[in-house]
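K.L.:
Going down the list, the protein sequences come from chains A and B.
Numbering-wise, the numbering used here puts 101 at position 101 of the first sequence, and it's gapless, one number per residue.
Numbering-wise, the numbering used here puts 143 at position 143 of the second sequence, and it's gapless, one number per residue.
Calculated pairs, EDC-like style, for lysine to aspartate or glutamate (alpha carbon to alpha carbon, straight line, at most 16 Å): (1) K16(B) - E71(A); (2) K16(B) - D5(B); (3) K16(B) - E72(A); (4) K19(A) - D31(A); (5) K19(A) - E236(A); (6) K91(A) - D64(A).
No lab work stands behind these hints, which were simulated from the structure alone.
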Amino acid sequence: MRAVRVIPCLDVDAGRVVKGVRFTGLRDAGDPVELAARYDLEGADELVFYDITASAQDRRTMYDVVARTAEEVFIPLTVGGGVRTLDDARKLLRLGADKVSVNSAAVARPELVSEIAGTFGSQCAVVGMDVRRDTGSASPRWEVYVRGGRTPTGTDALEWACRCEALGAGELVLNSMDRDGTRQGFDLELTRAVVDATSVPVVASGGVGGVGDLVDGAVIGGADAVLAASIFHFGEVSVAQAKQAMARAGVVVRPVGPPAR
Amino acid sequence: MAVIDYGIGNLRSAEKALCRAGADARLVTTAAEVGAADAVVLPGVGNFGRCSSELAASGMWEAAEQAAGSGRPFLGICVGMQLLYQGSEESPGVPGLGLFEGRVSMLAEGVRRPQMQWNLLEVTRPGSVLFAGCSEGAWAYFVHSYRAPVGPETVATCDYGGTVAAAVEAGPLWATQFHPEKSSALGLALLANFVRSCA
Numbered sequence: 001m002r003a004v005r006v007i008p009c010l011d012v013d014a015g016r017v018v019k020g021v022r023f024t025g026l027r028d029a030g031d032p033v034e035l036a037a038r039y040d041l042e043g044a045d046e047l048v049f050y051d052i053t054a055s056a057q058d059r060r061t062m063y064d065v066v067a068r069t070a071e072e073v074f075i076p077l078t079v080g081g082g083v084r085t086l087d088d089a090r091k092l093l094r095l096g097a098d099k100v101s102v103n104s105a106a107v108a109r110p111e112l113v114s115e116i117a118g119t120f121g122s123q124c125a126v127v128g129m130d131v132r133r134d135t136g137s138a139s140p141r142w143e144v145y146v147r148g149g150r151t152p153t154g155t156d157a158l159e160w161a162c163r164c165e166a167l168g169a170g171e172l173v174l175n176s177m178d179r180d181g182t183r184q185g186f187d188l189e190l191t192r193a194v195v196d197a198t199s200v201p202v203v204a205s206g207g208v209g210g211v212g213d214l215v216d217g218a219v220i221g222g223a224d225a226v227l228a229a230s231i232f233h234f235g236e237v238s239v240a241q242a243k244q245a246m247a248r249a250g251v252v253v254r255p256v257g258p259p260a261r
Numbered sequence: 001m002a003v004i005d006y007g008i009g010n011l012r013s014a015e016k017a018l019c020r021a022g023a024d025a026r027l028v029t030t031a032a033e034v035g036a037a038d039a040v041v042l043p044g045v046g047n048f049g050r051c052s053s054e055l056a057a058s059g060m061w062e063a064a065e066q067a068a069g070s071g072r073p074f075l076g077i078c079v080g081m082q083l084l085y086q087g088s089e090e091s092p093g094v095p096g097l098g099l100f101e102g103r104v105s106m107l108a109e110g111v112r113r114p115q116m117q118w119n120l121l122e123v124t125r126p127g128s129v130l131f132a133g134c135s136e137g138a139w140a141y142f143v144h145s146y147r148a149p150v151g152p153e154t155v156a157t158c159d160y161g162g163t164v165a166a167a168v169e170a171g172p173l174w175a176t177q178f179h180p181e182k183s184s185a186l187g188l189a190l191l192a193n194f195v196r197s198c199a
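Same shape as in the complex, but just chain A (with noise of 0.2 Å):
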């Protein structure tokens, strides 16, 4: 059957889970090792570790942060921000993680999809697309971002998610740069189309301010997993109740709890 996962993600700033809204106006929000162990407990499919560091001593924290979360916590861990040459992605999944997320290096030079690919497995090379809807264009289409959402390529989105599963890519993570942050739901839109035109699993990402949004995600999106990160760090909704309002709703997700004897 098909069951959808659901994913906390974890915006780590030198060794801090940080939350911004349309990235910026950063707010702490823990501890990225303990937040992962809560988050396996409360029943979170996977975990996404997004490096938004910019500095070489910052990064070496980042290693240190997938080493230890590897060391304690027993999901599939994707690690992403700032991954831009093949040994960057050996060096995360040596540490311990699961997956690498490519983003802007992979429109500068989209070979690294399929020299990840090549090398380590479909599996393991995720693409994360930050996308913004075209207000100029009367159907609707949207743009691939580079640089943290900072810099328009001209890409048109559904033609890049199609290139990065011709190149290997074993998932999508499309994240709405309009709703990032905003509360308002995922571009359900957007999620569709892109769902639609491609074959490997597509990940919901930007805008969650509620369980609804995820019903929606997984219900009128089409998507395989749902992402989301303010409303599980700032304790608003642990991913227990996300899951149990997802189920209700009709939507297969993994129940929550210790398996049953």
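Following the hints, complete the assembly by docking chain B onto the known chain A.
P.N.:
Below, chain B alone, put in the same frame as chain A:
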């Protein structure tokens, strides 16, 4: 307990999860270490052909083959399970270890590939040692595009565009298509069953 490290993907999690489950597990890179271990774990991610060729290039192919057929406890994970069969549609002409009959084939059309999700297991052999105490409501994490055939060795399946072999057990030779080291509390319980069987 030796976890065969032949240069692919994330093996740290398998090692750490086995340690958490009570094993004295460590990554090994030589045939001698595989030969000397009381129990052997063969992880595997990605492409069948690449895993097969990397295992051969690492010099540990014969040691793995010997360990799997030796009566010592042996656990294959993901592509490490697929390698126990004779070959795979994914990499025609590339041999598997051939301990089980049959070839690995692609998941059915009409489902998103890879299967990258948790799925509910149906434990088809009630006396399975691997699933002792964990046979009901067992959800495990899968990442794969190919599946092993269902045979007499199959002890658990899941449904993903048809029946998928999820775990096998033949005496001390065990394997899972899913990742126990990534399946949270259930996965640790299954690994603890494996570790206990090694005692």
